[in-house]
Amino acid sequence: MRARQTQIWMLYRRSNQVTRQPQTCLKTSVYISISRNVSTIRYTSPDVLADENIDHFRQKYFRAEKPVVIRSAELCLKLPAYSKWFLETVSNHGKKGVQAQLNFDYISKHGDVLVPLELTSSATKGEENNTNGNKTYINNTQFERFQAPLSMFLDWTAASAERPKEESQVNTDINRNDTNTQIYLAQCHLENLPPQLQSDFHPTPALVSQTGKNDVYATNLWIGTPPTYTPLHKDPNPNLFVQLAGVKHVRLLSPSTGLQVFACVQQEMMDSTTKGDDFLGHAATFRGNEMMQGSERVLLERAVWGDASSSSVPSTGVVRAQNHIGYDVILERGDSLFIPKGWWHSIKGVGEGITASVNWWFR
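So in full-length UniProt numbering, spot 47 of the sequence shown is number 47, and the numbers just go up one at a time.
Bear in mind the hints are in silico, worked out from the structure with no lab data behind them.
One or more of the hints may lead you astray.
To be verified - Here are the simulated EDC-like pairs of lysine to aspartate or glutamate, each with C-alpha atoms no more than 20 Å apart in a straight line:
{"no.": "1", "residue 1": "K109", "residue 2": "E191"}
{"no.": "2", "residue 1": "K84", "residue 2": "D105"}
{"no.": "3", "residue 1": "K213", "residue 2": "D112"}
{"no.": "4", "residue 1": "K84", "residue 2": "D235"}
{"no.": "5", "residue 1": "K213", "residue 2": "D235"}
{"no.": "6", "residue 1": "K78", "residue 2": "E52"}
{"no.": "7", "residue 1": "K84", "residue 2": "D112"}
{"no.": "8", "residue 1": "K66", "residue 2": "D55"}
{"no.": "9", "residue 1": "K66", "residue 2": "E88"}
{"no.": "10", "residue 1": "K66", "residue 2": "D200"}
{"no.": "11", "residue 1": "K78", "residue 2": "D235"}
{"no.": "12", "residue 1": "K66", "residue 2": "D328"}
{"no.": "13", "residue 1": "K84", "residue 2": "E332"}
{"no.": "14", "residue 1": "K78", "residue 2": "D51"}
{"no.": "15", "residue 1": "K84", "residue 2": "D215"}
{"no.": "16", "residue 1": "K341", "residue 2": "D200"}
{"no.": "17", "residue 1": "K109", "residue 2": "D200"}
{"no.": "18", "residue 1": "K84", "residue 2": "E74"}
{"no.": "19", "residue 1": "K78", "residue 2": "D271"}
{"no.": "20", "residue 1": "K213", "residue 2": "E52"}
{"no.": "21", "residue 1": "K213", "residue 2": "D55"}
{"no.": "22", "residue 1": "K66", "residue 2": "D51"}
{"no.": "23", "residue 1": "K341", "residue 2": "E65"}
Work out the full structure, taking the sequences as your base and the hints as a guide.
What follows is the structure, encoded as structure tokens:
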């Protein structure tokens, strides 16, 4: 099946239907020495709301700038995309025993529309350094953003779904050897889709339209096959993040804690000896090229997710200065998460089947 996915990718490239975005095709080989320090970020669960009480949400969470999970099926059921884009299938896996798959018959009618895609191909190998007890990680990553027909993404996703479970599972433990290639429909602006598909995300949730000024900065769509990953970053506006299909694991840090962790990662990059990857200090640009590949990607993942592996995985020393407290939440189909402006967060698509989300940046 991997060969079929490669054939799909090459076919579209040769047909000139793939439009690369400037300066977004990057390939790096990074050598990072990581000491065996224990992570000092302690995560807890955020508050959970069972309904869309606008006044309560506005007072306790929106104005207070506090994250909260909304487990209200009604919120998602009001969005036609929830049932038109995704079909539920009975599965023996997953907490709820139900996973969703794309409704290819419906979406493929608009296969000619161009959408933003991200291709990440990475190989990570861990080697023990016996002289000082540290672990050395060799990370070879190719990251590329491009525009391509929606049909290409659908073909790729269908091929991925046909792969046997044991072949499609990817080990995210950075201590082991790991090779993975993913195509992710990332941050697709709703306004760039055909009117029929746009209408599937209306009406705008009341938590967005009635809480603040009813000023929607952007609406974005995210679809992929796990594992998907967005490194630690912060958004320009308050964010309502709605899980339409599959499962996502989110970790959040307050503005001050996130800034300190990000600054420590930057310092670690300056202090570490790297080969093939030059360090350039920068702000936490959302899905910036720096954080999507190379040493920054590895160090950010270590800082936030160092304790999340199935085995006992050491984290970097980048957050050892003091104890930090963050929020940890699992979002399943029908769940929503409010992320206040300035709150840092990292998101992973996990589990089986398709994972899909839509978010509104609003004021």
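In ascending order, which of the hints set out earlier in this document are inconsistent with the structure?
Failing hints, ascending: 3, 4, 9, 10, 11, 15, 16, 19.
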